[in-house]
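Student: So the sequences go chain by chain: A and B.
Take 4 as the starting number for the first sequence in the numbering used here and just add one per residue.
Take 4 as the starting number for the second sequence in the numbering used here and just add one per residue.
Hints should not be assumed to be uniformly reliable.
As the list claims (entries may be wrong) - Ranges of calculated distance between the beta carbons of each label pair, as one might list FRET restraints: (1) A:Lys-180 - B:Asn-73: 55 to 65 Å; (2) B:Ser-10 - A:Ile-120: 20 to 30 Å; (3) B:Lys-19 - A:Lys-126: 39 to 49 Å; (4) A:Glu-25 - B:Asp-116: 33 to 43 Å; (5) B:Lys-126 - A:Asp-116: 33 to 43 Å; (6) B:Asp-101 - A:Asp-116: 45 to 55 Å; (7) A:Ile-118 - B:Lys-53: 23 to 33 Å; (8) A:Phe-139 - B:Ser-10: 28 to 38 Å; (9) B:Asn-73 - A:Ser-40: 24 to 34 Å; (10) A:Gly-23 - B:Lys-117: 24 to 34 Å; (11) A:Asp-116 - B:Lys-117: 31 to 41 Å; (12) B:Phe-178 - A:Glu-158: 57 to 67 Å; (13) A:Lys-55 - B:Lys-53: 15 to 25 Å; (14) B:Asp-39 - A:Ile-120: 23 to 33 Å.
To be verified - With a Cα cut of at most 25 Å, we get these calculated SDA-like pairs of lysine to any residue: (15) A:Lys-55 - A:Tyr-24; (16) A:Lys-46 - B:Lys-85; (17) B:Lys-53 - A:Tyr-51; (18) A:Lys-117 - B:Tyr-51; (19) A:Lys-97 - B:Asp-54; (20) A:Lys-55 - B:Asp-54; (21) B:Lys-85 - A:Lys-53; (22) A:Lys-46 - A:Glu-156; (23) B:Lys-46 - A:Tyr-24; (24) B:Lys-117 - A:Tyr-33; (25) A:Lys-70 - B:Gly-91; (26) A:Lys-53 - B:Asp-39.
In case anyone wonders, no lab produced these hints; they're calculated from the structure.
Each residue gets a CB set at the ideal place from its N, CA and C atoms; glycine is no exception.
There are 2 protein chains.
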Amino acid sequence: MIYFVTSNRHKYEEVKKIIGYEMEMVSMPYPEIQADSLEEVAKYGIDYLKDKIEGEFFIEDSGLFIKALNGFPGVFSSYVFKTIGNEGIIRLMKGIEDRKAEFVSVIAYYDDDKIHIFKGICKGKIAEEIRGNKGFGYDPIFIAEGSNKTFGEMEMEEKNKYSHRGKSARMLKNFLKNRLNQP
Amino acid sequence: MIYFVTSNRHKYEEVKKIIGYEMEMVSMPYPEIQADSLEEVAKYGIDYLKDKIEGEFFIEDSGLFIKALNGFPGVFSSYVFKTIGNEGIIRLMKGIEDRKAEFVSVIAYYDDDKIHIFKGICKGKIAEEIRGNKGFGYDPIFIAEGSNKTFGEMEMEEKNKYSHRGKSARMLKNFLKNRLNQP
Chain A
4 MIYFVTSNRH
14 KYEEVKKIIG
24 YEMEMVSMPY
34 PEIQADSLEE
44 VAKYGIDYLK
54 DKIEGEFFIE
64 DSGLFIKALN
74 GFPGVFSSYV
84 FKTIGNEGII
94 RLMKGIEDRK
104 AEFVSVIAYY
114 DDDKIHIFKG
124 ICKGKIAEEI
134 RGNKGFGYDP
144 IFIAEGSNKT
154 FGEMEMEEKN
164 KYSHRGKSAR
174 MLKNFLKNRL
184 NQP
Chain B
4 MIYFVTSNRH
14 KYEEVKKIIG
24 YEMEMVSMPY
34 PEIQADSLEE
44 VAKYGIDYLK
54 DKIEGEFFIE
64 DSGLFIKALN
74 GFPGVFSSYV
84 FKTIGNEGII
94 RLMKGIEDRK
104 AEFVSVIAYY
114 DDDKIHIFKG
124 ICKGKIAEEI
134 RGNKGFGYDP
144 IFIAEGSNKT
154 FGEMEMEEKN
164 KYSHRGKSAR
174 MLKNFLKNRL
184 NQP
């Protein structure tokens, strides 16, 4: 059994659909530092949690990085979402031609000894308006490369094919599979 | 001698002008957590620093809380400033009538045993456009109650009379004075 420490049920469902392994959600809060990268935030979280949780576990941190806004909302995506929301991002991007953005997901897995980092990136752009009500967070304003829909217009299975979190979760799945096959 | 742990020379100059005591700037980085209040951020910082610094020291954390934006940029003010800047705030506030905002400063002072918190609040509003080039950060878009100028249009001495940091620094000054007078 491995544990996914998160208080976000959407994230848990998305990752569970990919991983396959026996997995449980643990809703234990941990400090998230104001760092420049998701990796730093995740490593700090693991250091805090490793003495508090028995066995193997992982956390996931993700963010939306908009090029024309110098990476905003970035590592503070969830806070920014809670305050200015998708409406705020659309407002900040009004009239801006370069709409390039990246969704990034970092999974930090603690194997009871070392930290393993898996980073998934999904390139795309910010939509001109809010579209769809599936998923969560910035999903209704993000259009992945290779699609015309926003993540908010996709079912979970389709979103997972493109998404940053789908990628990091598949990396974790491979890591777990390869480890089991080792002598 | 007391130490002000900060990497922001503007803050150091403002507080030094008020405190009077022998004071030195220490530019040592410390983790800032993503918390809901400046107090939590400051307390976490003190806990990290107290074993690393000899003697008495303090840190200061401040933020701009805009009512119509649900408190944004709040505890993440410095990150938001680095990415979308004053232009971003003005853009988010375009056409919004309720321009009420508060500048908040929290000083956390560690007396080698306990943490003392001093909180200064300056009520005001967001200007319609960027004005002035004095101060730092959001100063050019904040107008304090009782003034028509932005902080960006004030000399440091005038700003200190109104400002959140002026208030928290005067509280710290009084605390230090009273402590010296005790038997």
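Student: For each hint, tell me whether it holds in the structure or not.
Tutor: Cross-check of the supplied hints:
no.	hint	in the structure
1	A:Lys-180 - B:Asn-73: 55 to 65 Å	violated, 43 Å
2	B:Ser-10 - A:Ile-120: 20 to 30 Å	holds, 27 Å
3	B:Lys-19 - A:Lys-126: 39 to 49 Å	holds, 47 Å
4	A:Glu-25 - B:Asp-116: 33 to 43 Å	violated, 48 Å
5	B:Lys-126 - A:Asp-116: 33 to 43 Å	violated, 52 Å
6	B:Asp-101 - A:Asp-116: 45 to 55 Å	holds, 53 Å
7	A:Ile-118 - B:Lys-53: 23 to 33 Å	holds, 26 Å
8	A:Phe-139 - B:Ser-10: 28 to 38 Å	holds, 35 Å
9	B:Asn-73 - A:Ser-40: 24 to 34 Å	holds, 26 Å
10	A:Gly-23 - B:Lys-117: 24 to 34 Å	violated, 51 Å
11	A:Asp-116 - B:Lys-117: 31 to 41 Å	holds, 38 Å
12	B:Phe-178 - A:Glu-158: 57 to 67 Å	holds, 59 Å
13	A:Lys-55 - B:Lys-53: 15 to 25 Å	holds, 22 Å
14	B:Asp-39 - A:Ile-120: 23 to 33 Å	holds, 27 Å
15	A:Lys-55 - A:Tyr-24	holds, 22 Å
16	A:Lys-46 - B:Lys-85	holds, 23 Å
17	B:Lys-53 - A:Tyr-51	holds, 18 Å
18	A:Lys-117 - B:Tyr-51	holds, 23 Å
19	A:Lys-97 - B:Asp-54	violated, 48 Å
20	A:Lys-55 - B:Asp-54	holds, 23 Å
21	B:Lys-85 - A:Lys-53	violated, 33 Å
22	A:Lys-46 - A:Glu-156	violated, 33 Å
23	B:Lys-46 - A:Tyr-24	violated, 39 Å
24	B:Lys-117 - A:Tyr-33	holds, 24 Å
25	A:Lys-70 - B:Gly-91	holds, 14 Å
26	A:Lys-53 - B:Asp-39	holds, 24 Å
In this structure, the earlier hints numbered 1, 4, 5, 10, 19, 21, 22, 23 are contradicted, and the remaining ones agree with it.
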